[in-house]
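Protein chains: 2
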Amino acid sequence: MTTENLISEIKRKQSFLCVGLDVELEKIPEFLLKEEDPIFSFNRAIIDATHQYAVAYKPNTAFYEAYGLKGWKSLEKTINYLNVNYPEIFTIADAKRGDIGNTSSRYAKAFFEDLGFDSLTVAPYMGKDSVEPFLAFENKHTILLALTSNEGAFDFQTKKVDGEEIYKQVLKTSKDWKNSENLMYVVGATKAEYFADIRKIIPNNFLLVPGVGAQGGSLQEVCKYGLTEDVGLLVNSSRGIIYASKDADFAEAAAREAENMQLEMKAILDGIH
Amino acid sequence: MTTENLISEIKRKQSFLCVGLDVELEKIPEFLLKEEDPIFSFNRAIIDATHQYAVAYKPNTAFYEAYGLKGWKSLEKTINYLNVNYPEIFTIADAKRGDIGNTSSRYAKAFFEDLGFDSLTVAPYMGKDSVEPFLAFENKHTILLALTSNEGAFDFQTKKVDGEEIYKQVLKTSKDWKNSENLMYVVGATKAEYFADIRKIIPNNFLLVPGVGAQGGSLQEVCKYGLTEDVGLLVNSSRGIIYASKDADFAEAAAREAENMQLEMKAILDGIH
Numbered sequence: 001m002t003t004e005n006l007i008s009e010i011k012r013k014q015s016f017l018c019v020g021l022d023v024e025l026e027k028i029p030e031f032l033l034k035e036e037d038p039i040f041s042f043n044r045a046i047i048d049a050t051h052q053y054a055v056a057y058k059p060n061t062a063f064y065e066a067y068g069l070k071g072w073k074s075l076e077k078t079i080n081y082l083n084v085n086y087p088e089i090f091t092i093a094d095a096k097r098g099d100i101g102n103t104s105s106r107y108a109k110a111f112f113e114d115l116g117f118d119s120l121t122v123a124p125y126m127g128k129d130s131v132e133p134f135l136a137f138e139n140k141h142t143i144l145l146a147l148t149s150n151e152g153a154f155d156f157q158t159k160k161v162d163g164e165e166i167y168k169q170v171l172k173t174s175k176d177w178k179n180s181e182n183l184m185y186v187v188g189a190t191k192a193e194y195f196a197d198i199r200k201i202i203p204n205n206f207l208l209v210p211g212v213g214a215q216g217g218s219l220q221e222v223c224k225y226g227l228t229e230d231v232g233l234l235v236n237s238s239r240g241i242i243y244a245s246k247d248a249d250f251a252e253a254a255a256r257e258a259e260n261m262q263l264e265m266k267a268i269l270d271g272i273h
Numbered sequence: 001m002t003t004e005n006l007i008s009e010i011k012r013k014q015s016f017l018c019v020g021l022d023v024e025l026e027k028i029p030e031f032l033l034k035e036e037d038p039i040f041s042f043n044r045a046i047i048d049a050t051h052q053y054a055v056a057y058k059p060n061t062a063f064y065e066a067y068g069l070k071g072w073k074s075l076e077k078t079i080n081y082l083n084v085n086y087p088e089i090f091t092i093a094d095a096k097r098g099d100i101g102n103t104s105s106r107y108a109k110a111f112f113e114d115l116g117f118d119s120l121t122v123a124p125y126m127g128k129d130s131v132e133p134f135l136a137f138e139n140k141h142t143i144l145l146a147l148t149s150n151e152g153a154f155d156f157q158t159k160k161v162d163g164e165e166i167y168k169q170v171l172k173t174s175k176d177w178k179n180s181e182n183l184m185y186v187v188g189a190t191k192a193e194y195f196a197d198i199r200k201i202i203p204n205n206f207l208l209v210p211g212v213g214a215q216g217g218s219l220q221e222v223c224k225y226g227l228t229e230d231v232g233l234l235v236n237s238s239r240g241i242i243y244a245s246k247d248a249d250f251a252e253a254a255a256r257e258a259e260n261m262q263l264e265m266k267a268i269l270d271g272i273h
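Taken in sequence, the protein lines are chains A and B. Residues in the first sequence are numbered consecutively from 1, following this note's numbering. Residues in the second sequence are numbered consecutively from 1, following this note's numbering.
Treat the hints with caution; some may be incorrect.
The list makes no distinction among identical chains, and a pair is therefore deemed to hold if it is satisfied within one copy or across any two copies.
Listed below are the simulated SDA-like cross-link pairs for lysine to any residue, each with C-alpha atoms no more than 25 angstroms apart in a straight line [to be verified]: (1) 27 to 114; (2) 27 to 136; (3) 140 to 267; (4) 34 to 81; (5) 160 to 172; (6) 70 to 137; (7) 178 to 14; (8) 140 to 221; (9) 159 to 129; (10) 224 to 9; (11) 73 to 182; (12) 34 to 116; (13) 109 to 12; (14) 109 to 30; (15) 70 to 113; (16) 73 to 1; (17) 109 to 68; (18) 109 to 240; (19) 246 to 105; (20) 172 to 136; (21) 172 to 158; (22) 27 to 129; (23) 140 to 72; (24) 159 to 175; (25) 175 to 132; (26) 27 to 101; (27) 160 to 3; (28) 140 to 217; (29) 140 to 24.
FYI, nobody ran anything at the bench for these hints, they're computed from the structure.
Go ahead and model the full structure; you've got the sequences and the hints to work with.
Structure, rendered in C-alpha cells:
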C-alpha cells in the first residue's frame with residue numbers, strides 16, 4: 001500500500017486507529033474454543049466488527065508463534081482475510097525482526113511477499129545493512145523501533161551519545177539509508193513529551209504509537225506533539241479493544257471501544273482544522 | 001541443557017564448533033528437491049555427517065519463515081531430530097527476538113518449551129523487561145546480541161555513551177538482570193581485537209561467535225582473546241560447512257569441513273594446556 005492510500009483512508013474514516021491482534025486462547029470467549037481455528041474465528045469477528053473504525057491491524061507474531069504450526073496458520077488466514085476483504089486496510093506484522101543483510105532479505109520476503117503484509121516492525125540494533133533489505137520493497141513499509149513504550153526503553157534507548165539520546169541517533173542515521181522514504185517509526189505513547197523533539201528530526205514520517213490506554217499513554221498528549229498535516233500517526237490499541245468482553249457480545253463490545261477511540265480521534269482532527 | 005553439560009561435551013569432542021543451518025532451496029543439491037521435505041532431508045544428512053565434530057547447531061529462523069508453514073514444519077522436524085537423536089548437542093534458535101514483557105514470554109514459550117531449543121538469540125534494544133522473560137527459564141540460555149559481525153554494527157553498537165561503547169553497556173547492564181547466569185552473548189569474529197575488552201567485563205559467559213571464515217574473522221585471533229578456562233566460546237560456521245558441495249557428496253564434504261575446523265580447535269585447545 002502507498003503512503004498516499006493510507007492517508008486517504010485515514011481522512012475518509014477520520015480515524016488513525018490500529019487494532020492490535022495479540023490473541024491468547026486463555027483470553028478469548030470460551031465458546032470459540034470449539035471452532036476449528038479459534039484464533040482465526042476470533043480475529044475475523046473482531047475485524048468484521050471494528051473495520052469501519054480502524055485503518056490498520058497489527059498482529060504481533062509472538063502470539064501466533066506461541067502456538068507453533070497452528071498459530072502460523074492462523075496468522076496466514078488472518079492476513080489473507082484482511083487482504084481479500086479489506087484491501088484498503090493497512091496491515092502491520094509486529095515481528096521486530098532484523099539480522100545481517102542476506103538474512104533480513106529472507107524475513108522481508110516472508111512478510112512482504114509471501115504473507116502479503118504492508119509493513120513490518122524492525123529492530124535497529126544491527127544497523128543499516130540489517131534494515132535496508134526491508135526498505136528495498138516498493139510500497140512496503142519498515143517500522144523501525146525508536147522509542148518503545150516499556151520500562152526497558154530507558155536501559156539503552158535514552159542513553160546519550162555525544163549529548164544526544166540513542167533513539168534520536170536511530171532517527172537521524174536511518175534518514176540517510178537507501179529508500180528511507182519507506183520508513184515509519186515506533187514511538188511509545190508513554191513518553192508523549194518526547195514527540196516534539198522527535199518531530200524536529202522526522203517532521204513527516206508516520207509513527208506507530210503503542211502504549212495508549214492500558215500502558216498509560218494519553219491520546220491527547222500524543223496528538224498535541226505528534227500530529228502532522230497528513231496526520232502521521234497510527235495509534236495502536238490491543239487489549240482495550242479485543243478483550244473488551246469475554247462473552248457472546250465480544251465483537252460488539254470491541255466495536256464500541258474502537259468507535260469510542262475513533263470518535264476521540266475525529267474530535268482531535270476536527271479541532272485542528 | 002546446563003552449562004556444565006555443554007562444557008563437558010566441548011571437552012569430550014575437543015570442539016567448540018556450532019554449525020549454522022541456514023538453508024535455502026536454491027543452494028542445496030538438486031536431487032534433494034524431490035524429497036517430501038527437502039530442507040529437513042538436507043539438515044538430517046548434514047547433522048548425521050557432522051555431529052561428531054560439532055557441539056551445537058543453529059538454525060536461523062529467517063530461512064524457515066521464508067517458506068511459510070512448510071518452513072516452520074521443517075524447523076520443527078529439525079529440532080525434534082536433534083533432541084531425539086543427539087540430546088547431548090546444544091541447540092540455538094537464531095531468531096533475534098525481543099518485545100515487551102508479556103510478548104517476550106510468548107516467544108520464550110514457543111522456542112524453549114514448544115520447540116524445545118536450548119537457547120535463543122535476543123536483541124537488547126528494548127532493555128531489561130524485554131529480556132528477563134527469556135532468562136526466567138531454567139537450563140535455557142538467552143544469547144544477547146552485543147557486537148554483531150556485520151558492517152551495521154558500527155552504526156549504533158560501537159557509539160560511545162559516557163565514553164563507553166553501547167555494546168559494552170549492554171554487557172555491563174545485562175549482568176544485573178534477574179537470572180543473568182543464563183546469559184550468553186553474540187560477539188562477531190570480525191572484531192577480534194574487541195575480545196580482550198569484552199572478557200574484562202564478562203570473564204566467564206559463553207560467547208557465540210559468527211563471522212569466522214566467509215565474513216573474514218580469524219579463529220586464532222578470536223581464541224587468543226576470547227577463550228576461558230571452560231572454553232567459553234561457540235564458534236559458528238554456516239555456509240562454509242553446509243554448502244561445501246552441491247553434489248551427491250554434500251554431506252561428506254560438510255563433514256570434511258567440520259572436521260577441519262574441529263582439528264584446528266583441538267590444536268588451539270591443546271596449545272593452551
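> Which numbered conditions among the earlier hints are violated in the structure presented, ordered from lowest to highest?
Replying inline: 3, 7, 8, 11, 12, 13, 27, 28
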